[in-house]
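K.L.:
Take a look at the letters that make up each chain.
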Amino acid sequence: KAGVTQTPRYLIKTRGQQVTLSCSPISGHRSVSWYQQTPGQGLQFLFEYFSETQRNKGNFPGRFSGRQFSNSRSEMNVSTLELGDSALYLCASSGGPAAAFFGQGTRLTVV
Amino acid sequence: AQTVTQSQPEMSVQEAETVTLSCTYDTSESDYYLFWYKQPPSRQMILVIRQEAYKQQNATENRFSVNFQKAAKSFSLKISDSQLGDAAMYFCAYGTIYGGATNKLIFGTGTLLAVQP
Numbered sequence: 827k828a829g830v831t832q833t834p835r836y837l838i839k840t841r842g843q844q845v846t847l848s849c850s851p852i853s854g855h856r857s858v859s860w861y862q863q864t865p866g867q868g869l870q871f872l873f874e875y876f877s878e879t880q881r882n883k884g885n886f887p888g889r890f891s892g893r894q895f896s897n898s899r900s901e902m903n904v905s906t907l908e909l910g911d912s913a914l915y916l917c918a919s920s921g922g923p924a925a926a927f928f929g930q931g932t933r934l935t936v937v
Numbered sequence: 243a244q245t246v247t248q249s250q251p252e253m254s255v256q257e258a259e260t261v262t263l264s265c266t267y268d269t270s271e272s273d274y275y276l277f278w279y280k281q282p283p284s285r286q287m288i289l290v291i292r293q294e295a296y297k298q299q300n301a302t303e304n305r306f307s308v309n310f311q312k313a314a315k316s317f318s319l320k321i322s323d324s325q326l327g328d329a330a331m332y333f334c335a336y337g338t339i340y341g342g343a344t345n346k347l348i349f350g351t352g353t354l355l356a357v358q359p
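Same order as they appear, the protein sequences are chains U and B.
Take 827 as the starting number for the first sequence in this note's numbering and just add one per residue.
Take 243 as the starting number for the second sequence in this note's numbering and just add one per residue.
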């Protein structure tokens, strides 16, 4: 089985712009969750989607949003980028309770 | 709210020796999973081992094993016969289960493991 695929791997954006990150889960997995990793805050949960429905959301401002398509692929959008949004964004796919498998992440740099 | 604490920011071990990484957590739930993930410099978060809260038997995966103490809310990782490739950041994570999937992970702050040749 192919693993979790995140695109793009690297991204540089300017403050005020918006960005969309993509995540393709493992085939058959219906749950996709997103995490932000920064040196200061560590790994923080953004949100989780299951069968196109957001089931859980972390404590992030409304500028962070996401969606999931019928093929389980998910996108995460950040609008009005701030310098503090620079981070590694990780996507995880889950097909059951026993594990979540991660992609390689997207490194977002806001300048 | 659930929390995960890793009190060892850095650890070092000699190649072929054994090392134990500590993790404690707090929850009022009865059904959950606990995980150890490894993140090497390549950034990929790799699942090392998992433990279901209902199972009393400690999980083992080759050289990796856990000591799960549910009452004490402790979940330590033991790495035996350490190898150079084990050098990485190790994260302990608590997984909430909803609708048959691990829908949210709460991570500790990580332990950076160095392996000395």
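Because the hints were derived from the structure by calculation, they are not lab data.
Accuracy of the hints is not assured; some may be wrong.
[Stated by the list, open to error] Simulated restraints, written as ranges between beta carbons of each label pair: (1) U/G910 to B/P359: 37 to 43 Å; (2) U/A828 to B/E252: 21 to 27 Å; (3) B/T245 to U/A828: 30 to 36 Å; (4) U/N903 to B/G341: 37 to 43 Å; (5) U/T831 to B/P359: 42 to 48 Å; (6) B/I288 to U/S905: 27 to 33 Å; (7) B/E252 to U/Q843: 34 to 40 Å; (8) U/G910 to B/T262: 34 to 40 Å; (9) B/S322 to U/R933: 32 to 38 Å; (10) U/N897 to B/D273: 17 to 23 Å; (11) U/K839 to B/K297: 30 to 36 Å.
[To be verified] In silico negatives: residues of chain U with every beta carbon more than 12 Å from chain B: (12) T833; (13) S857; (14) Y861; (15) L872; (16) K883; (17) G888; (18) S905; (19) T906; (20) A918; (21) T935.
Here the structure is a predicted model, which is why all the values come from computation and not from measurement.
Note that CB positions come from ideal geometry on N, CA and C, so glycine has one too.
K.L.:
Now tell me if each hint is right for this structure.
P.N.:
Verification of the supplied hints:
| no. | hint | verdict |
| --- | --- | --- |
| 1 | U/G910 to B/P359: 37 to 43 Å | 39 Å, holds |
| 2 | U/A828 to B/E252: 21 to 27 Å | 35 Å, violated |
| 3 | B/T245 to U/A828: 30 to 36 Å | 34 Å, holds |
| 4 | U/N903 to B/G341: 37 to 43 Å | 24 Å, violated |
| 5 | U/T831 to B/P359: 42 to 48 Å | 35 Å, violated |
| 6 | B/I288 to U/S905: 27 to 33 Å | 32 Å, holds |
| 7 | B/E252 to U/Q843: 34 to 40 Å | 37 Å, holds |
| 8 | U/G910 to B/T262: 34 to 40 Å | 36 Å, holds |
| 9 | B/S322 to U/R933: 32 to 38 Å | 34 Å, holds |
| 10 | U/N897 to B/D273: 17 to 23 Å | 30 Å, violated |
| 11 | U/K839 to B/K297: 30 to 36 Å | 45 Å, violated |
| 12 | T833 | 15 Å, holds |
| 13 | S857 | 4 Å, violated |
| 14 | Y861 | 7 Å, violated |
| 15 | L872 | 10 Å, violated |
| 16 | K883 | 10 Å, violated |
| 17 | G888 | 19 Å, holds |
| 18 | S905 | 23 Å, holds |
| 19 | T906 | 26 Å, holds |
| 20 | A918 | 7 Å, violated |
| 21 | T935 | 14 Å, holds |
Comparing the model with each numbered hint stated earlier shows that hints 2, 4, 5, 10, 11, 13, 14, 15, 16, 20 do not hold.
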